[in-house]
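**Q** Read top to bottom, the protein sequences are chains C and F. Just so it is clear: in the first sequence, position 27 is 27 by our numbering, and no numbers are missing. Position in the second sequence counted from 1, then plus 112, gives you our numbering.
Please note: incorrect hints may appear among the correct ones.
[Stated by the list, open to error] Restraint-style ranges between C-beta atoms, simulated for each label pair: (1) A17(C) - E165(F): 33 to 39 Å; (2) N7(C) - S170(F): 32 to 38 Å; (3) Q80(C) - T125(F): 36 to 42 Å; (4) E57(C) - D174(F): 20 to 26 Å; (5) K210(F) - K56(C): 17 to 23 Å; (6) G41(C) - N140(F): 45 to 51 Å; (7) E130(F) - S40(C): 28 to 34 Å.
[Stated by the list, open to error] Cut-off 25 Å, straight-line C-alpha distance, at most; resulting in silico cross-link-like pairs (PhoX-like, lysine-lysine): (8) K190(F) - K56(C); (9) K67(C) - K154(F); (10) K169(F) - K42(C); (11) K190(F) - K67(C).
[As the list claims (entries may be wrong)] One-sided excerpt, in silico: chain C residues whose CB lies under 10 Å from chain F: (12) S43; (13) L46; (14) S49; (15) S52.
To be clear, the hints were calculated from the coordinates, so they are not data collected in a lab. For glycine and all other residues, C-beta sits at the position ideal for the given N, C-alpha and C.
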Amino acid sequence: QKEVEQNSGPLSVPEGAIASLNCTYSDRVSQSFFWYRQYSGKSPELIMSIYSNGDKEDGRFTAQLNKASQYVSLLIRDSQPSDSATYLCAVNNGQGRRALTFGSGTRLQVQP
Amino acid sequence: EPEVTQTPSHQVTQMGQEVILRCVPISNHLYFYWYRQILGQKVEFLVSFYNNEISEKSEIFDDQFSVERPDGSNFTLKIRSTKLEDSAMYFCAVMAQKNTEAFFGQGTRLTVV
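Here chain C stands alone, though its shape is the one from the complex:
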């Protein structure tokens, strides 16, 4: 059973702080890694993708991937109350046509 694990939270950070979200995955052949943001009652919204080891930065967001440790993380700098949402880690194993395996998500609360 291919699993993607996340701490369910809630992770509470003050406004302006750095939020750090973590994800581990069990399938070693995983090739593509994604972070989605999901507001309550809404659909997942893609915020970051990462395909190779290291860091990838996009605005206030940085994704980090370590395939040897089967670990992917998301850093949100200068957190804003509008960042309060559930963050979903998703993994694609690159084989067959199955798209994504999702973690259960980490709920982030940014306190004003």
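Following the hints, complete the assembly by docking chain F onto the known chain C.
**A** Structure of chain F alone, referenced to chain C:
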């Protein structure tokens, strides 16, 4: 503009009835997917569709479910005889190329009563 739109946004149906959920991709995509999310639970893969046929399906996607893309545009998910446990948000997703980014529609909330 979203990559994909879904209709209806909310559907209420009686147990045992058939429902059809629709998805319309905005631009040219090759890969189509249905996912569902039961309230409070994780997003679960149902089925993938490529080149006008099912590529892969999960154990959730049993004989009660079917998909088709009859006119090359709309991508539909049919549930033949709904059960209470089919109540969930159903998301259509599209992907331009294999193993690239997947974009989700706004979802259809299905309530079976």
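**Q** Given S43(C) as an interface hint, is the shortest Cβ-Cβ distance to chain F below 10 Å?
**A** 4 Å, holds
**Q** Please verify whether K190(F) and K56(C) have alpha carbons no more than 25 Å apart.
**A** 39 Å, violated
**Q** Holds or violated: the 32 to 38 Å window for the beta-carbon distance between N7(C) and S170(F)?
**A** Once the Cβ atoms are compared, 25 Å apart, the range 32 to 38 Å for S170(F) and N7(C) is violated.
**Q** So does E130(F) sit 28 to 34 Å from S40(C), Cβ to Cβ?
**A** Distance hint for E130(F), S40(C) holds at roughly 29 Å.
**Q** Given the proposed pairing of K190(F) with K67(C), does the C-alpha separation stay at or below 25 Å?
**A** 38 Å, violated
**Q** Between G41(C) and N140(F), is the Cβ distance one that fits in 45 to 51 Å?
**A** 30 Å, violated
**Q** Take a quick look at whether K67(C) and K154(F) sit within 25 Å of each other, Cα to Cα.
**A** 23 Å, holds
**Q** Is 20 to 26 Å a correct range for the gap between the Cβ atoms of E57(C) and D174(F)?
**A** 43 Å, violated
**Q** Assuming the hint says 33 to 39 Å, is it satisfied by the Cβ distance from A17(C) to E165(F) or not?
**A** 49 Å, violated
**Q** Can you verify the interface hint for L46(C): is its Cβ closer than 10 Å to any Cβ in chain F?
**A** 6 Å, holds
**Q** Quick check on the hint: S52(C) CB to chain F CB, less than 10 Å?
**A** 13 Å, violated
**Q** Are the Cα atoms of K169(F) and K42(C) separated by 25 Å or less?
**A** Holds: K169(F) and K42(C) sit about 24 Å apart, inside 25 Å.
Against the hints set out earlier in the document, violations occur for numbers 1, 2, 4, 6, 8, 11 and 15.
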